[in-house]
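Undergrad: Each protein sequence line maps, in turn, to chains A and B.
For the record, in the first sequence the residue sitting at position 218 is 564 according to this note's numbering, with numbers rising by one throughout.
For the record, in the second sequence the residue sitting at position 88 is 1097 according to this note's numbering, with numbers rising by one throughout.
No incorrect hints appear here.
Listed next, with one range per pair, are the computed distances between beta-carbon atoms:
1. ILE604/A to ARG1115/B: 44 to 52 Å
2. VAL560/A to GLY1015/B: 25 to 33 Å
3. LYS1027/B to TRP446/A: 24 to 32 Å
4. VAL560/A to LYS1019/B: 15 to 23 Å
5. ARG1022/B to PHE569/A: 22 to 30 Å
If you're looking for bench data, these hints aren't it; they were derived computationally from the structure.
Don't be surprised by glycine CBs; every beta carbon is placed ideally from N, CA and C.
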Amino acid sequence: MSRYLKLVDFEIKRFLKIYLVLVGVTIVSQLLGVIFTSKNYLNLANEMMYKEMLSKETFLQQYGSFSFLQVTQTTWFVGPIALCIVTLLIYVFFIWYRDWFGKNTFIYRLLMLPTARLNVYLAKATTIFLFVLGLVSIQLILLPIENNILQLIIPTDLRTDLATAEIINSFYYLAILFPYSFTEFLIYYGLGFMAVFVVFTSILFERSFRLKGVVLGVLYGGFSLLILFSPVLIDGLILVNFFYPLEIFLLSCLMAVIVTAMSIWLSNYLLKNKIRV
Amino acid sequence: MIEVKGVTKKFGRKQVLKGISFTAEKGEITCLIGINGVGKTTIMNAIMALTPINNGQILINGEEIHKGSYEKITFIPDAITMLPQMKISDAMQFMDDFYDCWNQKRADEMLGFFKLDKNERISSLSKGNTAKVNLLLGLAMDVDYVLMDEPFSGIDIFSREQIAEVFTSHLIEDRGVIITTHEINDIEHLIDKAILLNEGVVLKEFNTEEIRENEGKSVIDVMREVYQS
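Turn these sequences into a full structure, and let the hints steer you where they fit.
TA: Below, the structure is given as structure tokens:
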């Protein structure tokens, strides 16, 4: 196995326990959410129809039928997704800083490995990508299971059945996580992964030049944004309405590739020549 | 041979190294001596490319350090370079996974010599045992050069004796060793070359055997002369 793959394997194992907790919390919370929300609706329906003597039609008129969309509006469902996103955002920083700080200085070992230092950088980035894609996949597997549980609890005449694709499309945040087309997937995830590379490079600026590096890191982040949005800015401010929307889109994609390549090249330079323990 | 040529290093406004030059040969124990803060650790970090230098050049066997060099030279810092949650066996496995020069037989031998339990976690080790594991991870590599930063710092007398014993064993034989210390007593009789540092400059570099034979002085005598003058 190449040293890069060994590093990826090592980085994954370092975060695996927390990652499994996140997966566990997501599964348990969302399943409980489906059960509780469905049961609450069923209790309400029973109360209205058997105690308040509302007919089924009147009840449905007043309260509407139950669908999976109601589950997606609850903290049970959104909470773990938010928790996973926040944890992974923190982990983008933690994956580097933990090697410098604390009692044991593992960064010595990482920088003294007989492999290109860029492999350490790429292994950390790959780990983040795998964790993100892993969580998204688990969510994708969970949705139909949760939908089936809902259908087991709520009787047919009280619910509106939605296919998994319909659930995703009618909930804004899920639509970002699970893009409708491959192009959208490339845009959302490409931008996300580009952002990870930019943040990693900014961290390496800080680790190389310390206080001065914080300024350099922030400037680099700003510069990357400027390059990324340069086609939009040029079209809006300099050559007003010069480009077709498709051209702006393609130019922006090109800029994202340039920013990513620039981040990797700069990080390689910093790791080889400027980094300090 | 490790060649350090006119190396300067600044941290902010503070000039830590002011044109340091020396060489360390294979088969010799070279000792960098000086009080805390004179730049001993910075030199070690610079040799291993763990901190960039401002000027000068560092060569290992005539080449600047590159990824392949880490199969020929190892650095044992004063803190352990493995994760606290790792067992000693995990740390050894990590080294075996990443270094072609890792010598498992030698690692097992050192494990026995230091009487360490490989199932113990690094976080639960005493300071002395942590230093021993650190030494084990460095010396079990079949490398030409070994750099050690303050190997005796803050450890008990029995661990010191055990570590000092390593210097006279086959574990060091034929290798070039650079060691930094401000506690010279434990290894005075073992070192071949002493380099006295102060405020980022080399005050004196001498062959310990020559000075013993020709002038009848110990390293500590020379240190007294140099630092008190």
